[in-house]
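Undergrad: Going down the list, the protein sequences come from chains A and B.
Position 65, counted from 1, in the first sequence is what the numbering used here calls 65; the numbers after and before it change by one each time, with no gaps.
Position 7, counted from 1, in the second sequence is what the numbering used here calls 148; the numbers after and before it change by one each time, with no gaps.
Hints in this document: simulated from the structure, not taken from any laboratory.
Any given hint could be a false lead.
[Stated by the list, open to error] Straight-line distance between alpha carbons at most 30 Å, and here's what the computed DSSO-like set of lysine-lysine pairs gives:
no.: 1; chain 1: A; residue 1: 141; chain 2: B; residue 2: 230
no.: 2; chain 1: A; residue 1: 141; chain 2: B; residue 2: 261
no.: 3; chain 1: A; residue 1: 114; chain 2: B; residue 2: 153
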Amino acid sequence: MESQTYTQILAKASNNSIRRRRPLVSLTPLVDVVFILLVFFMLASSFSDQRAVGLTTPAVGDSAATSNTVLLRVRRNGGMDLNGIPITVNQLQERAAQFIQTVGERQFLVQPDKGVALQRVVTVLDALYATGVQDISLIRK
Amino acid sequence: MRLRGVSDRDYKEPSVVPLVNIVFLLLIFFMLLGRLTSPEVLDVQPPASASGGQVDSRRDLLILVSNDGRMALDDDELEQDLLTSAVAKFLEEDPALRVRIKADADLDAVKLIRLMEQLKEAGVKRLLLLTERPAQ
């Protein structure tokens with residue numbers, strides 16, 4: 001062993017590596033399985049970022065006519081009014097903040113018209129939550 | 142057809158190793174980032190909202206409401222009255238049960254409120270509406 005020259009050892013090593021590489025295991029079955037797994041995960045997984053918004057309806061028999069209540073009606077024609085004053089979605093936050101400041105904590109009742117899509121109501125709820133309103137209830141006529 | 146000068150012996154299969162690398166990366170990406178969900182009985186597109194908390198993994202009752210007003214409790218499509226009585230039955234077993242509603246964005250909001258009122262009468266205390274974070 002010790003009498004081997006450096007070049008001999010090198011030649012042996014390179015011979016070995018060539019021999020090891022030749023009987024390469026076929027990758028095809030692996031690729032097949034991995035492709036099937038990939039297709040499975042692509043089809044079965046969803047990437048949507050789901051959120052949950054708390055919803056309440058006022059307790060049955062609860063009088064809505066208390067002084068601390070603001071009624072926000074969402075109209076079918078695209079408008080809305082806050083305690084009877086017509087406003088736009090952009091004004092909503094500002095007005096709601098005014099109501100909170102003048103009388104403190106308030107309960108907001110959101111009353112959509114028949115035929116108003118849920119998305120519009122959720123947009124209104126979004127704006128109210130962003131203003132800091134805690135107590136929002138949904139009512140119908 | 143054989144091109145002149147290119148014998149069978151010269152032709153080499155392109156290496157599959159880079160392909161396997163990429164496919165493995167894609168596989169790991171989809172495995173880690175995607176959430177596996179079972180398909181739902183009704184086709185529901187939830188409304189978009191910026192507010193709302195993260196959905197935790199607690200087991201809640203899930204009510205689906207499609208845009209034409211059809212409803213399903215977990216995997217069974219039911220009429221509204223049957224659905225609320227089924228929810229009431231579940232609540233008797235576990236009073237702390239929460240109810241998630243996944244309603245379509247185009248659903249008439251009044252229909253949803255009617256359902257919520259009925260659920261409240263059935264004894265549901267905590268109602269959550271599932272929404273989706275809008276894409277940036």
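Undergrad: Each of the hints needs a verdict: does it hold here or not?
TA: How the hints compare with the structure:
The hinted pair formed by residue 141 of chain A and residue 230 of chain B meets the criterion: a straight-line CA distance of about 29 Å does not exceed 30 Å. For the hint linking residue 141 of chain A to residue 261 of chain B, the alpha-carbon distance of about 17 Å falls within 30 Å, and the restraint holds. For the hint linking residue 114 of chain A to residue 153 of chain B, the alpha-carbon distance of about 70 Å lies beyond 30 Å, and the restraint is violated.
Comparing the model with each numbered hint stated earlier shows that hint 3 is the single one that does not hold.
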